[in-house]
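There are 2 protein chains.
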Amino acid sequence: MSDLKVLAISGSLRGASHNTALLRAARDHSPDGVTVELYGGLAAVPHYNGDLDDDHHLPAAALDLRTRVHAADGLLIATPEYNHSVPGVLKNALDWASRPKGASALEHKDIAIIGASTGNFGTARAQLALRQVLAATHSHVLTGPEVLVFTAHQRFDETGTLHDPVTIALLRETLEALRTQILSRRAPVR
Amino acid sequence: MSDLKVLAISGSLRGASHNTALLRAARDHSPDGVTVELYGGLAAVPHYNGDLDDDHHLPAAALDLRTRVHAADGLLIATPEYNHSVPGVLKNALDWASRPKGASALEHKDIAIIGASTGNFGTARAQLALRQVLAATHSHVLTGPEVLVFTAHQRFDETGTLHDPVTIALLRETLEALRTQILSRRAPVR
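Just so you know, the sequences run in chain order A and B.
Each residue of the first sequence is one higher than the one before, counting from 1397 in our numbering.
Each residue of the second sequence is one higher than the one before, counting from 1397 in our numbering.
Incorrect hints may appear among the rest.
Treat identical chains as interchangeable: a pair holds within one or across any two.
[Said to hold, decoys possible] Below, a list of computed lysine to any residue pairs in the SDA-like style, where the Cα atoms sit at most 25 Å apart:
| no. | residue 1 | residue 2 |
| --- | --- | --- |
| 1 | K1497 | I1564 |
| 2 | K1497 | R1410 |
| 3 | K1497 | E1569 |
| 4 | K1497 | L1409 |
If you are wondering where the hints come from, they were derived from the structure by calculation, not from laboratory data.
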């Protein structure tokens, strides 16, 4: 059986982002049966505008995002916490991906949420806000394990490589749980 | 006494947006002592990127937004509801306005939230999500009246002019309440 493809989306555009570094670590330590690909195009996706959301005006970056999300077996989303919620840039991408009505790339998509912050709460509030949004999109969000990477700056070296064994194990466990959920939902009902 | 200046921000970029039309109506029917100015620059504010948030890289549109929010006596925000929450473009603007730490344009800003949808719930969920974000920014959000403009398409004419007297009265009442709150917070403590 071929590997499941998990598309990894970071809610931060910062070059030295801990959240993007977390996704790289998830890719580098992915368990058997799972291939993680980082999505690098979020910055290019313009602000959602209903006037552009048709076959004649759809921005290329929005189409690319929809196509990649549709093609993925699952998503791994790493969110920073801005003002107790998800960054606008991440919500914007989800708004594009969820449309048009009846053809949402997020509908019934299996998704794992993770997040990293330098503070003590590890994006707990942003992850809850994201969970609410992904309920609206009828996505299947993994309920555990929770990956709240607090004091993130202590867990990466100066090149952005994750060296904390607890977090590495948690990322592997998350991808294993995502794989199990994807496969179980595909199993034929007897 | 000169009029209080209320900056009106629409979370929708659509040309025929009901939310933008609602703000125009608020401007046209504003009560004595309040002048409403529509902010037209949201589309130009790029995605938040911490690498750009310093004196050397700050995008002109982000600076303009911060300057206008700082200068306003209060804000009137009209939000559509996308996936049970605020549009990414609106959250992105608030993310820029809330920074840098210690100089947030939203800190202690008086804000009224309104919203319009063609459905039956009038952006109730998006307004609650926005309220959560504006608690994080330490803004003073008006607790009432609530302006949940449901079945919005029935309340505007074909030119986008609000003709529903109940909604017009509610907008005036909201601006009056915002004015009262702004002035009361400025009153000297005896």
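Comparing the hints with the structure gives:
no.	hint	result
1	K1497 to I1564	neither (37 Å within a copy, 31 Å between copies)
2	K1497 to R1410	between (32 Å within a copy, 17 Å between copies)
3	K1497 to E1569	neither (33 Å within a copy, 36 Å between copies)
4	K1497 to L1409	between (28 Å within a copy, 19 Å between copies)
The structure fails to meet hints 1, 3 from the earlier list, while all remaining hints are met.
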